[in-house]
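There are 2 protein chains.
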Amino acid sequence: MTVHFPEDAASDPGAAEDAATWRPLAEAARELVDLCVMSDVDAEEVRAAQADIEAAVARLRKVRRAQTMGMEYLAAGRRRPWGNPVIGLRNPIAPPLVVHSDPSGRVESDFHCGAAYEGPPGLVHGGMVALILDQILGHAVGAAGRPGMTGTLTLVYRRGTPLGDLRAEAWVDREDGVKTWAKARMIGPQGVTCEAEGVFILPRAVRERLGLPDGN
Amino acid sequence: MTVHFPEDAASDPGAAEDAATWRPLAEAARELVDLCVMSDVDAEEVRAAQADIEAAVARLRKVRRAQTMGMEYLAAGRRRPWGNPVIGLRNPIAPPLVVHSDPSGRVESDFHCGAAYEGPPGLVHGGMVALILDQILGHAVGAAGRPGMTGTLTLVYRRGTPLGDLRAEAWVDREDGVKTWAKARMIGPQGVTCEAEGVFILPRAVRERLGLPDGN
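As they're listed, the protein sequences go chains A and B. Mind the numbering: the first sequence is residues 1 to 216 in the numbering used here, read in order. Mind the numbering: the second sequence is residues 1 to 216 in the numbering used here, read in order.
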């Protein structure tokens, strides 16, 4: 669910049916991704599993999109962020995060990072922390009506982020012309593990709607 | 290949055989991840593919590691970064990057990011750019004999990073006591898309070996 685009569900009538088809596929693939790093079966079993995956691949590649999901849905004038590597219900790379926002523009998400997200032993990869915080910073500026692409992203790592259940929070800190500053943090069982700040630049279409001048 | 730990291959007999077993599994799973976002087959075919994946999952979960790969190999006194989400040969989340270093400590990698890494339409997710640059910054400080955990990471996005063939480069900029500053950049067909700087803190064991005092 991307709560900063609430208008999409209404304008996308087949979405619920499509989600019911593709979500369980991605969920099975997420289990597979986890087992690729966590399984300890013998070589014969690995080869048999590989053959099963190749059968699935042969089925799915019978019809391939001409464009990525992002390009295709953008062209159709609507947006299904189902391919997104953090929140995408169709993307097995995504944990996926379900992001909630409140009317003030604060966003939050509780999620789980398993073994496939490991960097240092037992800890979430620092770059994965960056990926997740970048995503929810984007939700915060979107929720505040100031969507944009990341211009600058700064992360301060306070301690390792343990694998397991985690929480991410973000909010808009301030805005000035076409720039919006948002802050985020990752929270583990022992408290805040990483603090982030992002500077987002309003895209031209939004600048024009808000009557803001061009430039930085 | 993690060239900043060249001693591992020699001390890890069986690695080549294990890699020959698990690498093709992960490669098949990477194709599957891509198709989860790029396939456009009908619902019946999706359900059949899901059943194939569930068969693979049932095989692989027959024996599950008690610990993550990072924890297990750390305990065994050797390191196989095969679970790493950027370079891990067993991790379907990883493109994976193959990172090369030269004797001066410069590191570089040419790799491919497909549809599963998409953020804005047609572009690599900015957080994915951060994940990849964080990883190769770590290789740079490791290659220079100053390994460490990321303390601070700053990314400046110059333009969107198009999906497709990309290059990442990193090098050590300077060092002072327990801190090492490294820089990295992402390069697409039109040039540099993102510049990064990371500050890495030497772990205690390395400080003691180098005779450096504690603290920052």
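Bear in mind the hints are in silico, worked out from the structure with no lab data behind them. Virtual Cβ for every residue (Gly too), placed ideally from N, Cα, C. Be aware that one or more of the hints could be misleading.
Derived CB-CB ranges, DEER-like [unchecked claim]:
1) A:D42 to B:P203: 34 to 40 Å
2) B:E17 to A:E195: 27 to 33 Å
3) A:R61 to B:G211: 45 to 51 Å
4) B:G145 to A:S104: 44 to 50 Å
5) A:L212 to B:D18: 53 to 59 Å
6) A:H100 to B:G211: 46 to 52 Å
Okay, derived cross-link-like pairs now, SDA-like style, lysine to any residue, Cα gap no bigger than 25 Å in a straight line [to be verified]:
7) B:K62 to B:V41
8) A:K62 to B:G164
9) A:K183 to A:V206
10) A:K62 to B:V57
11) B:K179 to A:G114
12) B:K62 to A:P121
13) B:K183 to A:G151
14) A:K62 to B:R209
15) B:K62 to A:D102
16) A:K62 to B:A51
17) B:K62 to A:R47
18) A:K183 to B:R209
19) B:K183 to B:D102
20) B:K62 to A:D40
21) B:K179 to B:R209
22) A:K62 to A:A16
23) A:K183 to A:D102
24) A:K62 to B:D18
25) B:K179 to B:E197
26) A:K179 to B:V41
27) B:K62 to A:E44
28) B:K179 to B:P147
29) A:K183 to A:E108
30) A:K62 to B:H112
31) B:K183 to B:E195
32) B:K62 to A:K179
33) B:K179 to B:K62
34) B:K183 to A:E44
35) A:K179 to B:P121
To see whether the hints hold, each was checked on the structure:
As the Cβ distance of D42 of chain A to P203 of chain B is approximately 35 Å, the hint placing it in 34 to 40 Å holds. A hinted range of 27 to 33 Å for the beta carbons of E17 of chain B and E195 of chain A is inconsistent with their spacing of about 44 Å. For the hinted restraint 45 to 51 Å between R61 of chain A and G211 of chain B, the CB-CB distance of approximately 57 Å leaves it violated. Taking 44 to 50 Å as the suggested C-beta distance range, the pair G145 of chain B and S104 of chain A conforms, at roughly 48 Å.
Hint check: L212 of chain A to D18 of chain B, Cβ distance near 57 Å, so the stated range 53 to 59 Å holds. Judged by the Cβ atoms, the range 46 to 52 Å given for H100 of chain A and G211 of chain B holds: they are separated by roughly 50 Å. Using a Cα cut-off of 25 Å, the hinted pair K62 of chain B and V41 of chain B is violated, with the two alpha carbons roughly 30 Å apart. Taken as a hint, the K62 of chain A and G164 of chain B pair is honoured in the structure, with Cα atoms around 22 Å apart against an allowance of 25 Å.
A hinted pair counts as satisfied when its Cα atoms are at most 25 Å apart, and K183 of chain A with V206 of chain A qualifies at roughly 21 Å. Restraint check for K62 of chain A and V57 of chain B: satisfied, since their Cα atoms lie roughly 22 Å apart, inside the 25 Å limit. Distance hint between K179 of chain B and G114 of chain A is unfulfilled; the C-alpha atoms sit about 30 Å from each other, more than 25 Å. Distance restraint check for K62 of chain B and P121 of chain A: the Cα-Cα separation of roughly 24 Å lies within the 25 Å cut-off, and the hinted pair is therefore satisfied.
The suggested pairing of K183 of chain B with G151 of chain A holds, with an alpha-carbon distance near 17 Å, which does not exceed 25 Å. Distance hint between K62 of chain A and R209 of chain B is unfulfilled; the C-alpha atoms sit about 57 Å from each other, more than 25 Å. With a C-alpha separation of about 43 Å, the suggested pair K62 of chain B and D102 of chain A falls outside the 25 Å cut-off, and the hint is violated. The straight-line distance between the Cα atoms of K62 of chain A and A51 of chain B is roughly 17 Å, inside the 25 Å bound, and the hint therefore holds.
A hinted pair counts as satisfied when its Cα atoms are at most 25 Å apart, and K62 of chain B with R47 of chain A qualifies at roughly 14 Å. Among the hinted pairs, K183 of chain A with R209 of chain B is inconsistent with the structure: their alpha-carbon atoms are about 38 Å apart, more than 25 Å. At roughly 16 Å between alpha-carbon atoms, K183 of chain B and D102 of chain B fall within 25 Å of each other, so this suggested pair holds. For a cut-off of 25 Å, the pair hint linking K62 of chain B to D40 of chain A stands: about 8 Å separates their Cα positions.
Taken as a hint, the K179 of chain B and R209 of chain B pair is honoured in the structure, with Cα atoms around 15 Å apart against an allowance of 25 Å. At most 25 Å may separate the alpha-carbon atoms for a hinted pair to count; K62 of chain A and A16 of chain A meet this at roughly 23 Å. Of the supplied pair hints, the one linking K183 of chain A and D102 of chain A holds, its CA atoms being roughly 16 Å apart against a limit of 25 Å. Taking the CA atoms of K62 of chain A and D18 of chain B, the gap is near 32 Å; set against the 25 Å cutoff, the hint is violated.
Note on K179 of chain B and E197 of chain B: the hinted pairing holds, with a Cα-Cα distance of about 13 Å set against a maximum of 25 Å. Using a Cα cut-off of 25 Å, the hinted pair K179 of chain A and V41 of chain B is violated, with the two alpha carbons roughly 42 Å apart. Note on K62 of chain B and E44 of chain A: the hinted pairing holds, with a Cα-Cα distance of about 13 Å set against a maximum of 25 Å. Proposed proximity of K179 of chain B and P147 of chain B is supported: the alpha carbons are some 10 Å apart, at most 25 Å.
For the given pair, K183 of chain A sits about 12 Å from E108 of chain A by alpha-carbon distance, which is consistent with the 25 Å threshold. Note on K62 of chain A and H112 of chain B: the hinted pairing holds, with a Cα-Cα distance of about 23 Å set against a maximum of 25 Å. The straight-line distance between the Cα atoms of K183 of chain B and E195 of chain B is roughly 7 Å, inside the 25 Å bound, and the hint therefore holds. Proposed proximity of K62 of chain B and K179 of chain A is contradicted: the alpha carbons are some 52 Å apart, above 25 Å.
Our distance criterion of 25 Å between C-alpha atoms is broken by K179 of chain B and K62 of chain B, whose separation comes to about 44 Å. Between K183 of chain B and E44 of chain A the alpha-carbon distance is near 44 Å, which puts this suggested pair outside the 25 Å criterion. Among the hinted pairs, K179 of chain A with P121 of chain B is consistent with the structure: their alpha-carbon atoms are about 21 Å apart, no more than 25 Å.
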